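Chemist: Chains as they are written, first to last, in this note's numbering: chain A, 42 to 369; chain B, 5 to 180.
No lab work stands behind these hints: they were computed from the structure. All of these numbers come straight from a predicted model, not from anything done at the bench. Be aware that one or more of the hints could be misleading.
[Stated by the list, open to error] When the alpha-carbon atoms are kept at most 16 Å apart in a straight line, the in silico EDC-like pairs for lysine to aspartate or glutamate are as follows:
no., chain 1, residue 1, chain 2, residue 2
1, A, 305, A, 256
2, A, 211, A, 236
3, A, 222, B, 8
4, A, 222, A, 236
5, B, 93, B, 109
6, A, 211, B, 14
7, A, 211, B, 8
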Amino acid sequence: MKENRIMVSSAIRLARNYEDFPFDLSTSPIQAEECVSRTANALTLSGVTGFELIRLDGGDERALKALVEEGLISGDLMRTAETAAVLLNRADSVSIMINEEDHLRIQAVTSGLNLQTAADRCFAVEDALSRQVRFAYDEELGYLTSCPTNTGTGMRASLVLHLPLLTRAKQMGTVGQIAAKVGLTVRGEYGEGTEALGDLYDLSNQVTLGRTEQEIISTVTAVGRQLMDMELTLRENALRDDRLRLEDEIYRAQGLLKGARLMKLAEFYPLWSSVRLGAAMNLLDYSLPLMDSLLSMAQPNHLQSFYATLPEEQARAECVRTALDSGR
Amino acid sequence: MLCDECNLNEASYTVSLMMEGQITTRHLCPECMARVNTHMNAQTVKTLLSSIMAAITGERVASAQEEEEEDDLNSPACPRCGMKFSQYKRSGKLGCPACYEAFREQLRPMLLKIHGRVQHAGRRPLCTEAAQRSRTRQEELSREMALAVSLEDFETAARLRDQIRALAREEKEAQP
Ligand SMILES: [Zn+2]
Ligand SMILES: [Zn+2]
C-alpha cells in the first residue's frame, strides 16, 4: 500500500475522568486505588477480556520502560508510578492508562494509516466502561479533563510519518505553521525540541473542543495524505534527477547498518531513515514492517531485555544486523 | 525547523515562555534568542531599579510571591476542591470536574482561544438504559457479522449490517 511508504503508525487516545474524584490523585493513594479497581471491575463486568492489569509501583522497571519504547504506555505514566496502573491488551495494542494526567487515558495504536481502526478500538473500550461507570461530562464543554486543552472529545489522533526528503528540503517549519492553521501540530517523534530523529514526525490534532471525533480523524488523515503526496513527489524527483546520489546514500547506510559492530542510538536514527527510504522506494528488499519494528527494538531497554549480557552499543549493532540479515 | 519569531533562520533554541498565564514553547534562531535575552535583562534591570527607588522613597514593592497571595485572596474558588482560579492560571491544570462549573465564565474565553469554539460536538455518554441496551445489541450484531464474514456468508452479513445501521440511526435520533 502506498500509505505504508510514509505512514509508520496511527494512534488514538481518549482522556476520561470519573465524576466524583479530583483530577490529580498522585497524593491520594486510597482514591487512586479506587480508580484502578473501579476501572478493572467495570471492564470485567462488561465481559471485556484480554486485558492484563499492571501496576507501575514495584513493577519490573525495564519491562515498563520497554512498554514506553513500544508506545504502549506514555512516559508521563512513569512519572506518577506510585499510584499509576495500566490495563493492557497486547494483542490489539490497546491500553487503558490509569492515574496519569487524567484518571483514564484509553489508547490504541495500529501500524500504517489506520486511525479509524484505532478509534473503534478505543470507543469499544469506552462503551464497555461507560455501561458501569459515569465519566465527567458537560453538555457545553464535553468530556472534562484535567487540562482544558483536552476537554471536549478528549481525543488525540496522531499519525507518525517518515518524511526524509521534506526534512532535507527544509520544509518542515513551514509545514508546521500550515498545520497549525487547521488546529494540528507537527512534532519530532523522537528527540528533544526541534529535533526529529530518523526524520519521523508526529502529526496530531491540537484542538479537541467543538469538532466531532470524525471531523478530527478526517482532518488529521487529510493533512497526513497531503504530506504523503508531497514526500512521494520529492522522492520521484530525486529518483529522476539525482538517482546516483540517492542510491549512494541508501546503500552506504545499509552497509553501515549491516557492518557495524558497535552503534550508538544517535548514529542509528539517520542510517535507519536512509534504509527505510530505500526499502519504501523498492531500492532495498526489506519489508516496511521489519524496518518499523526496528525502531522500538533498537531502543535501550528493549535491547537490554533481549541481549542482557551485551553492552548497549554492541547489542544494538547485533540486533540491527540480525534483523536485516533475516530480510523480511 | 524555521525560527518562530522571524521565520527566516533555522531555529536552534527551544524556549518556554510565560505568555498570558500559559506556558508556550517557541523555537528560535540565535539572533532572536539574543533579543529575547536582552528583553529579559531589561525586565530584570527594571525590577532592580524600582527596588532601589523603593529603598530611597520608602515605598514598598510587592514581591512576586506576595502578588500571588494577593491574587489568590480575590480569586474565585471551586466549592468542591477549593482550587482558586489564580492557581489554575499558574499551573494550567484544574482541580476537579466541578472546577469547570465554578470557573465556566472565566474559562470560556480561554477555551475559545485554545479551540476556536466552545460548544462540544461528538460522542456523549450513554445516559439512558435504552441507549445502553441498543449499544450492547449493536456490538452483539457486529460480532455476529464478523463471524458471518469469516464464514463467507455475505447474505447474513449484509442483513446484520443493515440491522446495526438501523439501531445506530435510532440512537442518534433519540438524542436531544
Ligand atoms: Zn529568528
Ligand atoms: Zn474543583
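Chemist: Evaluate each hint against the coordinates.
Modeler: Each hint, compared with the structure:
Restraint check for residue 305/A and residue 256/A: the C-alpha separation of about 41 Å exceeds 16 Å, so the hint is violated. Using a Cα cut-off of 16 Å, the hinted pair residue 211/A and residue 236/A holds, with the two alpha carbons roughly 13 Å apart. Restraint check for residue 222/A and residue 8/B: satisfied, since their Cα atoms lie roughly 14 Å apart, inside the 16 Å limit. About 22 Å separates the Cα atoms of residue 222/A and residue 236/A, which puts this hinted pair outside 16 Å; it is violated.
The straight-line distance between the Cα atoms of residue 93/B and residue 109/B is roughly 14 Å, inside the 16 Å bound, and the hint therefore holds. A hinted pair counts as satisfied when its Cα atoms are at most 16 Å apart, and residue 211/A with residue 14/B qualifies at roughly 9 Å. Annotation: proposed proximity of residue 211/A to residue 8/B holds, straight-line Cα distance about 14 Å (limit 16 Å).
Checked against the numbered hints listed earlier, the structure breaks hints 1, 4; every other hint is satisfied.
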